[in-house]
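Residue numbers (my numbering), protein chains in the order written: chain A, 598 to 946; chain B, 598 to 946.
Watch out, some of these pointers could steer you wrong.
No copy labels: a pair is met if it fits in one copy or bridges any two.
Unchecked claim - Within a straight-line C-alpha distance of at most 25 Å, the following computed SDA-like cross-link-like pairs (lysine to any residue) qualify:
1) 943 x 738
2) 655 x 828
3) 743 x 856
4) 813 x 768
5) 655 x 867
6) 743 x 882
7) 743 x 613
8) 663 x 908
9) 655 x 793
10) 798 x 686
11) 655 x 744
12) 813 x 612
13) 743 x 837
14) 655 x 601
15) 743 x 879
What the hints contain is simulated information worked out from the structure, not anything from laboratory work.
2 protein chains.
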Amino acid sequence: MSAMTRRIVLARFCDGPPVAEDFRIEDAPMPEPREGQFLVRNILISVDPGTRARLSGKPSYIPPLKLGATVGAFSIGEIIESRHPDFAPGEIVSLADGWAEHVIGDPRGFVRRITDRRLPLAAWLGVLGVSGMTAWFGLHRVASLKAGETVVVTSAAGAVGSAAGQLARIHGCTVIGVAGGQAKCDWMTEVAHFDAAIDYKATADLPAAIAAAAPKGIDVLFDNVGNAMIDQVIPLMRQNGRIVVSGQVDAYNSDESAVEGIRNTRAFITHRLMMQGLVVFDDLPNWGAAEAAMADHMVSGELVGRWEVLPGGLEATPDAFAGLFRGENTGRRLVRLAPDPDDFPKDAS
Amino acid sequence: MSAMTRRIVLARFCDGPPVAEDFRIEDAPMPEPREGQFLVRNILISVDPGTRARLSGKPSYIPPLKLGATVGAFSIGEIIESRHPDFAPGEIVSLADGWAEHVIGDPRGFVRRITDRRLPLAAWLGVLGVSGMTAWFGLHRVASLKAGETVVVTSAAGAVGSAAGQLARIHGCTVIGVAGGQAKCDWMTEVAHFDAAIDYKATADLPAAIAAAAPKGIDVLFDNVGNAMIDQVIPLMRQNGRIVVSGQVDAYNSDESAVEGIRNTRAFITHRLMMQGLVVFDDLPNWGAAEAAMADHMVSGELVGRWEVLPGGLEATPDAFAGLFRGENTGRRLVRLAPDPDDFPKDAS
């Protein structure tokens, strides 16, 4: 008797925006945990634009996925079988093992135990997951954010940016968000309570618009877009300004050689600027404290998440992913594979 | 009875490389110190390529010099009259008040007292002056240099670069210097004892040459050149690499819009890179300890300076400055206005 499960694999390499046909759903034997591992039944899986960089078959900043391999992704699920003494069946974990109904968890890799029952499970793949942690450690470790500073966040209605802007506001900073479209700007000012929101699509002179919203200049640029954006904001930065290189949306779909450069580097000397990137897994030993603080802010209502949970199960995942590149999503997009456990609040989505 | 002195002023704005005719020597009344100031007779004055940025009459990263104004510069001199209780006639100071035979010292501005009699006075305008301090704080404060790391220094036979490379070597690092010309490379390996010296003028593929000299990759890039250089070195950098933006020789003589950009910024995320500029006067409260440590290294012979002292007095200064842009100088160039005091070792130059 060999149980079966299902997973999604890369069927062909992507060239341009991904489409559902780039992937294939297939049956597979149920994975078997070894000593020190456990078997997880996924409840929610995440579709993330960053995955695109692995789908072209070409070397990139992360190794390319091979044809026929399971597509990697974050998920949350329930342990249904354990060969690890500290993890028991029934426990809820988030992990990063891919678009599959069942995955193997191994605490030597990435596994977070979810014990806080105050928030919907989906929150732990959004604000309380990698996106929110990137915002937290970008602001607090990389930029050493101080109360009273002025912060510009780009792609500010996205998963990382929306968390960064709110965390900066909670820290006592003036927050200016930049994003494309009126709906995103309305969300930033009305729901996330940023001090200003700028629709770059409706703004002829973006630096002038940012300067008008930041008359004292900018202390921290939390950038998710790329070089051209950074280059435009540098002349607005105050002495000892910090630039957090969080993401490069501009570059994910484009040829490296077509990317613009940062030219305004003389200001690094005259204005003592600092620019630094981060990979949030470096901060894993410190996630616990950040998760706890951010969960408190969510419970109190000060910090709101932007996510949506799509129905349809594993079959719906490839098109849910392709939809990111059609601009369909509002915040982080998740796909539901199974109902939430009874002891978590139900998701509003 | 009004004593007279002489100074050099800007006679016309520079367009392209400066020439002696851009300046004019003129008589002026002896400046009179106010309460809290003192009068200094200059002994050595410095000519520095960075001065060029102030001579075009156009706004730059520092305010432009007006026509008829005394040209700013570092100098060393003897106090000959004091209205400050802590500074007495006969004391030797370095200050930053310009190409003039007599200048006013004011400790509320930049004044360093020189009491260490173990080294020639000229050392305090070179390795122990702004150049050496920039090297020290760039490596130790900005880059947090650790023993065993690999450091690339550009413009590495220049005033700042030659100090940075030697300080990194003294700190136990592997040092690769990049400069133009065989003579500079010979100096780097034979006198400064860098581990490798690369003549960019004789190297078709500079990144490949650096990579060959740094098989483990680069931890710190101490850059004095500019964006195009930084962009070439970024792909060679190790995780957690630091880029010190010390100077931008490439940009001093060129139009800002013609400067190339830094395109390889994705590595800031994947390799957790950090880039930061510095203005060494921010570190003034900590110069004393750095000066003392570096003077010890010079006395022991571990750290050598690169400077030359030209004769000819104030009249010789404009052409000495113009000569920098004809590539004449070896290291920092100084002009002698008066003999060194007897209690300082004589300069070998």
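Hints, one by one, checked against the model:
no., hint, verdict
1, 943 x 738, "neither (33 Å within a copy, 50 Å between copies)"
2, 655 x 828, "between (28 Å within a copy, 22 Å between copies)"
3, 743 x 856, "neither (32 Å within a copy, 33 Å between copies)"
4, 813 x 768, "within (18 Å within a copy, 40 Å between copies)"
5, 655 x 867, "between (39 Å within a copy, 16 Å between copies)"
6, 743 x 882, "both (23 Å within a copy, 23 Å between copies)"
7, 743 x 613, "neither (41 Å within a copy, 43 Å between copies)"
8, 663 x 908, "neither (28 Å within a copy, 70 Å between copies)"
9, 655 x 793, "neither (40 Å within a copy, 34 Å between copies)"
10, 798 x 686, "neither (49 Å within a copy, 66 Å between copies)"
11, 655 x 744, "neither (43 Å within a copy, 37 Å between copies)"
12, 813 x 612, "neither (44 Å within a copy, 34 Å between copies)"
13, 743 x 837, "both (12 Å within a copy, 24 Å between copies)"
14, 655 x 601, "neither (32 Å within a copy, 74 Å between copies)"
15, 743 x 879, "both (22 Å within a copy, 20 Å between copies)"
Checked against the numbered hints given earlier, this structure breaks hints 1, 3, 7, 8, 9, 10, 11, 12 and 14; the rest are met.
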